[in-house]
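**Student:** Sequence:
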Amino acid sequence: MTTTRQATGTATGAENMDNYGTSGWTGWIVFAGVMMLMMGAFHVIQGLVALFQDTYYLVGQEGLVVQVDYTTWGWVHTILGAVVILAGIALLAGQMWARVVAIILAFGSALVNIAFLGAYPLWSITMIAIDVLVIYAVTMHGKEMKPMTASQGRASSVEE
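Using the UniProt record's numbering, you'd call the opening residue of the sequence shown number 1 and step up by one each time.
To be clear, the hints were calculated from the coordinates, so they are not data collected in a lab. Where is the CB? At the ideal position from N, CA and C, for every residue including glycine. One or more of the hints may lead you astray.
As the list claims (entries may be wrong) - Just the calculated beta-carbon pair ranges, DEER-fashion:
| hint | residue 1 | residue 2 | range |
| --- | --- | --- | --- |
| 1 | Met96 | Tyr136 | 13 to 21 Å |
| 2 | Ala129 | Met96 | 23 to 31 Å |
| 3 | Thr72 | Val34 | 25 to 33 Å |
| 4 | Phe107 | Val30 | 15 to 23 Å |
| 5 | Val132 | Thr72 | 20 to 28 Å |
All chains, full assembly: derive it from the sequences and hints.
**Tutor:** If you want it as structure tokens, here you go:
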């Protein structure tokens, strides 16, 4: 019979799990959820500005990548922003389906902001950067939320 010895104190990153099977990387998912809340709020603000004060933007409607009026853009941004906020809340709650929705919405947000780039470049570039960070956080570290939500479910069923 052979015995295997494991070095103690050498675990790093995803190997350093707590009692619930989560690692320090789950902070990236919290980061992505908070960024989605911010991104959704920014979209809603951008949409409301387009709806109520369309002269605020740098170019007229003819200068946009997609030729639509600012009222249409306002509704697109407002509705997309509300959906992103809801998905961010679900991501913070640990819902697995929210990971897929977060990636799709962040990708869609980046596309919408590329189309809106001519109207307000600095804002659109900032939003695209946030979208890229959300996609990174969810794709690289999203799987680490699964053990945490599963163990919380077990803990609550034991308490009852």
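**Student:** The structure should be examined with respect to each hint, and the outcome stated for every one.
**Tutor:** Now for the hints, and whether the structure bears them out:
1. Met96 with Tyr136: 13 to 21 Å: About 18 Å separates the Cβ atoms of Met96 and Tyr136, which means 13 to 21 Å holds.
2. Ala129 with Met96: 23 to 31 Å: holds (26 Å)
3. Thr72 with Val34: 25 to 33 Å: holds (29 Å)
4. Phe107 with Val30: 15 to 23 Å: Roughly 21 Å apart at Cβ, these two residues keep to the hinted range, so it holds.
5. Val132 with Thr72: 20 to 28 Å: holds (26 Å)
Going down the numbered hints, you'll see the structure goes against none, and every one checks out.
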